[in-house]
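Engineer: Here is how the chains run, residue by residue.
There are 2 protein chains.
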Amino acid sequence: MYKNAPIGVFDSGVGGLTVVREIIRQMPEERIVYFGDTARLPYGSKSRDTIIRYSRQNIRFLLTMDVKAIVIACNTASAYALETVEKEFELPVIGVIRAGAVTAVNATRNGKIGVIGTEGTVGSGIYTEVIKKLNPDVKVTGKACPLFVPLVEEGLLHDSVTDEIASRYLSELKGRFIDTLVLGCTHYPLLRSTVGRIMGSDVTLVNPAYETALELKALLEERGMSCEPGSAEDDPDKYRFYVSDLADKFTAFATSILPKQVKETRKINIEKY
Amino acid sequence: MYKNAPIGVFDSGVGGLTVVREIIRQMPEERIVYFGDTARLPYGSKSRDTIIRYSRQNIRFLLTMDVKAIVIACNTASAYALETVEKEFELPVIGVIRAGAVTAVNATRNGKIGVIGTEGTVGSGIYTEVIKKLNPDVKVTGKACPLFVPLVEEGLLHDSVTDEIASRYLSELKGRFIDTLVLGCTHYPLLRSTVGRIMGSDVTLVNPAYETALELKALLEERGMSCEPGSAEDDPDKYRFYVSDLADKFTAFATSILPKQVKETRKINIEKY
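Taken in sequence, the protein lines are chains P and X.
Residue numbers for the first sequence follow our numbering, so the first one is 1 and each next one is one higher.
Residue numbers for the second sequence follow our numbering, so the first one is 1 and each next one is one higher.
These aren't lab readings, by the way, just hints derived from the structure by calculation.
Cβ atoms here follow ideal geometry from the backbone N, Cα and C, with glycine treated the same way.
What you were told as hints is all true, and nothing was included just to trick you.
Here are the computed distance ranges between Cβ atoms for each label pair: (1) P/D248 - X/D159: 32 to 38 Å; (2) P/D163 - X/K263: 41 to 47 Å; (3) P/G155 - X/S160: 19 to 25 Å.
Based on the sequences and whatever the hints tell you, model everything.
Structural biologist: Dropping the structure here:
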């Protein structure tokens, strides 16, 4: 009955658009409603309680758009809130952590995996926990990289300062001889070339966005919830974008990373939900 | 009648404690209630509308503590919200911009002033506007320094990376031959030595916190609202601290920059106000 309803996706800001990009690539039929919580970002340095409260509000807002499933396209919110909210809401909710963990476990050859992310994600230990459940023999080393998001947002993607900061953050992981590194924050794929050069070509970089879209596709198919082919073809509102602040800035950024031009982003007051 | 009531101070996080420190130094008799909006920080990269809404909520919360005056100890909130909220509330509200502007105009000898701050503060043009009203002949050059706050929060106060970023941000101001530089963000005094070394000893650095406390003192005296000597002497709640997230982290930081140990910080839900 809800087959043709949109998928709801939320993130603290623009980072989750890397997940939207993968969903569009893998499921071009599906409608999407995206919410970026730009009035309260970042999530990575805030507490579990606060992130759970924000996640509930974000989901309640997306439910007003009659979404059929929720994707938490933010590592910190997936780490802190997924377990709580998936019990509280009736529709399927998936995060980005499990998909990233599965890919990493499948990719490692020497059983040594590194995870980089925000203080919230790394401090939660969630990647270690999920990876250990998949394979208790794997060793996981986490490293918080709090300056990566501000550096990306300042546009210093290829810069000597970013190289220097990345070298410091990653030196500990290099010392542990990891062969697989999870980019555990949606902003980090934008630093992929810097991180890859420092870690060396023997280290596999895992971007959870790709794997999350695959997991979502499997889930929708399994439950018979995939959109009917062609149903959204002429829908001008196939992709809808909402933020809690700075809608125009978001539109410009979204257009730069999504395959189609984003016409409009609407601003809402998320504190009301 | 409200003489012995506390002064209400708010900021997006811990930065405003530099203003509290100055108030304590200059008015040791006064009670203070501080609110740090740690669940929604930073303010510097968000819109005018959002910052006005947040400022109203922060003031409404402080009013529940029966404060006699409000200090907006945040440059961005002073830039965006002061003009609006001082009309909406009956008690005196002061910000940090005017005090910084007055000091800078008094300090400059060649009539060239620089202002560094967040994107919000610099983009608002408020310092230029206030300085021009004081002296239309002064030239003002603003420069946003978005990485300074994350660098301070990462603890890189004396570091080659901070030197490199500061050199880039400040090169434009050096090229304008300014002789006075306003540290237009409450975090920036913590980078004072780096900024001072790059700008050179001929450039006067202005910290609005000091001058704001002076302005507040004059205002309270003028209106007969100063605390009666000794009235708060034995009050265990003379200084009260509230945040919207991460109370323990705040307590530790506040203790490190205030003259007395902060015993307790209480967490509130600011979205309810």
